[in-house]
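Okay, so the sequence shown: first residue is -5 according to my numbering, each after it adds one.
Hints listed in this document are in silico derivations from the structure and should not be mistaken for laboratory results.
These numbers were taken from a predicted model, which means no experiment stands behind them.
The C-beta atom is built at its ideal place from N, Cα and C for all residues, glycine as well.
Treat the hints with care, since some could be wrong.
Said to hold, decoys possible - The list that follows gives simulated cross-link-like pairs (lysine to aspartate or glutamate, EDC-like), each with its CA atoms no further than 20 Å apart:
| id | residue 1 | residue 2 |
| --- | --- | --- |
| 1 | LYS174 | ASP108 |
| 2 | LYS174 | ASP114 |
| 3 | LYS191 | GLU137 |
| 4 | LYS56 | GLU137 |
| 5 | LYS174 | ASP123 |
| 6 | LYS56 | ASP31 |
| 7 | LYS86 | ASP108 |
| 8 | LYS86 | ASP101 |
| 9 | LYS86 | ASP31 |
| 10 | LYS191 | ASP31 |
| 11 | LYS56 | ASP101 |
| 12 | LYS191 | ASP108 |
| 13 | LYS56 | ASP78 |
What the hints assert, rightly or not - The following label-pair restraints were derived from C-beta to C-beta distances:
| id | residue 1 | residue 2 | range |
| --- | --- | --- | --- |
| 14 | ALA33 | THR178 | 19 to 27 Å |
| 15 | PRO19 | GLY121 | 40 to 48 Å |
| 16 | ILE89 | ALA153 | 51 to 59 Å |
| 17 | PRO19 | GLY120 | 43 to 51 Å |
| 18 | GLY121 | PRO201 | 47 to 55 Å |
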Amino acid sequence: MKSIKHLAILALAAAAGMASAATQPITTVTSSFITLDPAALTANSFTASALGSSTYNTSTGKLTDSISSVSLASTPGSALVQYDTNSGLSLKTSILFVGTVTLNLTDLVYNAADNTLYSDLLVNAGGKDYIYANQSILVAGTENGTLGSTSLDNAVLSANPQSLNYTLTNFTLSSDLSTKLGSTLVNFVSWLPGAVKNVTVTSAAAPAVPEPSTYLLMGMGLVGMGLVARRRRQG
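Kindly produce the complete structure, drawing on both the sequences and the hints.
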């Protein structure tokens, strides 16, 4: 009896684990950009470049970073958008008496639950690395986005691919990041919110899926055509 109860508990735990991160298939992503302000970069003496498979256009300030998955912890629920884990953005500057300072942001994630962009952050200053995994970086003051026909904050899972579209603007620096970096290191990133114009993702429209009644009518039509053809052959 105990073994049956134990198996039941394990089954429930497994089901809960599966429900904690259900992946939503999405339609083809046609564009995925993080747009920086080149003037703000120049004003703060930073240069930007791409990491991994991302690309960066120095003229437009656009960094491409592909979407790898979208998941929901519950349905309806808030969408969690995972970018390419090995790609991202590198920011560099040179400071007197410090030398080269590098900020690398990789493995970006957007969590619609708190309107926050997360990443693995590497800060190299004075020849020393400071690493912050899955760190909140920027909080979007404005989020306009949908997954299929519902908002990113109240998305619904579907077996069919859904379109993913959103624009994030009006950023502030994560308070948790400010606390962890401290009064000295935070100066290297305090300018970043003003340098990020927007984060946008656009994907192709989802193909129309016929209602069950439509399938029934289509089936009846095919049967009818078959009967007509059969009668003609017999005639």
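For which of the previously enumerated hints does the structure constitute a violation, in increasing order of number?
Result: hint 7 breaks, nothing else.
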